[in-house]
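Protein chains: 2
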Amino acid sequence: MIVLGIDPGLATVGYGVISCDEKVKLKLIDYGTILTDAKEQFPIRLKQINHGIIQLIDMYRPDSIAFEELFFNKNVTTAINVAQARGAALVAASERTEQLYEYTPLQIKQAVVGYGRADKNQVQMMVKTILSLKDIPKPDDAADAVAVAICHAHSAHTAGLLNTKIK
Amino acid sequence: MIVLGIDPGLATVGYGVISCDEKVKLKLIDYGTILTDAKEQFPIRLKQINHGIIQLIDMYRPDSIAFEELFFNKNVTTAINVAQARGAALVAASERTEQLYEYTPLQIKQAVVGYGRADKNQVQMMVKTILSLKDIPKPDDAADAVAVAICHAHSAHTAGLLNTKIK
Numbered sequence: 001m002i003v004l005g006i007d008p009g010l011a012t013v014g015y016g017v018i019s020c021d022e023k024v025k026l027k028l029i030d031y032g033t034i035l036t037d038a039k040e041q042f043p044i045r046l047k048q049i050n051h052g053i054i055q056l057i058d059m060y061r062p063d064s065i066a067f068e069e070l071f072f073n074k075n076v077t078t079a080i081n082v083a084q085a086r087g088a089a090l091v092a093a094s095e096r097t098e099q100l101y102e103y104t105p106l107q108i109k110q111a112v113v114g115y116g117r118a119d120k121n122q123v124q125m126m127v128k129t130i131l132s133l134k135d136i137p138k139p140d141d142a143a144d145a146v147a148v149a150i151c152h153a154h155s156a157h158t159a160g161l162l163n164t165k166i167k
Numbered sequence: 001m002i003v004l005g006i007d008p009g010l011a012t013v014g015y016g017v018i019s020c021d022e023k024v025k026l027k028l029i030d031y032g033t034i035l036t037d038a039k040e041q042f043p044i045r046l047k048q049i050n051h052g053i054i055q056l057i058d059m060y061r062p063d064s065i066a067f068e069e070l071f072f073n074k075n076v077t078t079a080i081n082v083a084q085a086r087g088a089a090l091v092a093a094s095e096r097t098e099q100l101y102e103y104t105p106l107q108i109k110q111a112v113v114g115y116g117r118a119d120k121n122q123v124q125m126m127v128k129t130i131l132s133l134k135d136i137p138k139p140d141d142a143a144d145a146v147a148v149a150i151c152h153a154h155s156a157h158t159a160g161l162l163n164t165k166i167k
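Taken in order, these protein sequences are the chains called L and G. Everything in the first sequence is counted per the numbering used here, starting at 1 for the first residue and increasing by one. Everything in the second sequence is counted per the numbering used here, starting at 1 for the first residue and increasing by one.
Where hints are given, some of them may not hold.
As the list claims (entries may be wrong) - Quick look at which bits of chain G chain L covers, simulated, 3 or more residues with Cβ under 8 Å:
hint	region
1	37–48
2	95–107
Stated by the list, open to error - Taking lysine-lysine and the PhoX-like style, the derived pairs with C-alpha atoms no more than 25 Å apart in a straight line are:
hint	chain 1	residue 1	chain 2	residue 2
3	L	K39	G	K138
4	G	K39	G	K138
5	G	K120	L	K39
6	L	K165	G	K39
7	L	K167	G	K27
8	G	K27	G	K167
As the list claims (entries may be wrong) - Over the 12 Å line for every Cβ pair with chain L, so calculated as not near, a few chain G residues:
hint	residue
9	K23
10	R61
11	G116
12	K138
Just so you know, the hints here were simulated from the structure itself, not pulled from any lab data. For every residue, glycine included, the Cβ atom is placed at its ideal position computed from N, Cα and C.
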């Protein structure tokens, strides 16, 4: 099974691609970021995100795609812009598959580290360990996206999977 | 000039299509709604909105598209979902044109009625009058979208147009 993990954003969309065999042995295939320039018009940036996601899906043909749920910070304008960017990413994914899942930061930490209050550093160390990497994937958005993909691969082997499908 | 006005939403996206000649004589071409079913998966609903907008653009080939800016009510979850829906609509529009504009409810009321604190009924009556219609376009979302289109057609003949382009 190939899983594409997405950490949505406007300036930076993190992505991580992993494979998962029947013994839940995970392997990192690719990771990185889709970057958009703040000098570009907002709709152009949304289009870049949308096309970037389509390209990733067409390149790696994931069996499922897992999105991190939006974190609501106190800046409403930022939250609204990130939400629009997430919409542009989701609609791209929806063009290719209905196997779309989402996880809260709490669920991701729980799945990757084993408890929901783990800090960013602990999550990144576990990503490195689980995937037998020499280094932590950089930047943070890419590492976060890999963590979402791991979370989904683990969840796919538990009863909770149906509950995480984006409804 | 053909203007497509869009009132973004998740369950209901209003649209209005008007023509505007060199004397700023406006004529209603079409109006209506793109509806999505709350029972459908969220990404499917975003795709329906995205495809609906693409269809409208391909049918009417507007010279410019005007979006109503999001109104932030107190329900953050609703606002975030509507924002994602707006992202799905914007990315569709961005596939076809860079002539994308946005107006606040205040700007729309100012342009259509003449003052920014007009109520919904006053806006709808002015939409009917400006376009010489027998009836007010229904439902409200469609009338709102027609009002955005009128607002843009009027703004296009003033110096403020560049400021309303979505940046």
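Inset, instruction - Given the hint that L/K167 pairs with G/K27, test it: the Cα-Cα distance must not exceed 25 Å. - result: Distance of about 40 Å is beyond 25 Å: violated.
Legend entry - Cβ contact check, 8 Å cutoff: the region 37–48 of chain G against chain L, three residues minimum: Since 6 is at least three, the answer is holds.
Legend entry - 25 Å limit on alpha-carbon distance, applied to hinted pair L/K39 and G/K138: 39 Å, violated
Inset, instruction - Determine whether the non-interface label on G/K138 survives the test: each CB of chain L must be over 12 Å from its CB. - result: 27 Å, holds
Inset, instruction - Check whether three or more residues of the region 95–107 of chain G sit with their beta carbon closer than 8 Å to a beta carbon of chain L. - result: holds (count 3)
Inset, instruction - Take a quick look at whether L/K165 and G/K39 sit within 25 Å of each other, Cα to Cα. - result: Judged against 25 Å, a Cα distance of about 14 Å means the pair holds.
Inset, instruction - Quickly compare the C-alpha distance for G/K27 and G/K167 to 25 Å and report which way the hint goes. - result: Roughly 28 Å between the alpha carbons, so the hint for G/K27 and G/K167 is violated.
Inset, instruction - Assess, step by step, whether the Cα of G/K39 is no farther than 25 Å from the Cα of G/K138, and give holds or violated. - result: With Cα atoms ~24 Å apart, G/K39 and G/K138 stay inside 25 Å; holds.
Inset, instruction - Mind verifying the non-interface call on G/R61? Its CB should be farther than 12 Å from each CB in chain L. - result: It holds; G/R61 is separated from chain L by about 18 Å at its closest Cβ, greater than 12 Å.
Inset, instruction - Test the statement that G/G116 is away from the interface with chain L: the closest C-beta pair must be farther apart than 12 Å. - result: 21 Å, holds
Inset, instruction - Say whether it holds or is violated: G/K23 keeps its Cβ farther than 12 Å from all Cβ of chain L. - result: 30 Å, holds
Legend entry - Holds or violated: G/K120 to L/K39, with C-alpha atoms at most 25 Å apart: 36 Å, violated
In this structure, the hints that do not hold are numbers 3, 5, 7, 8, in rising order.
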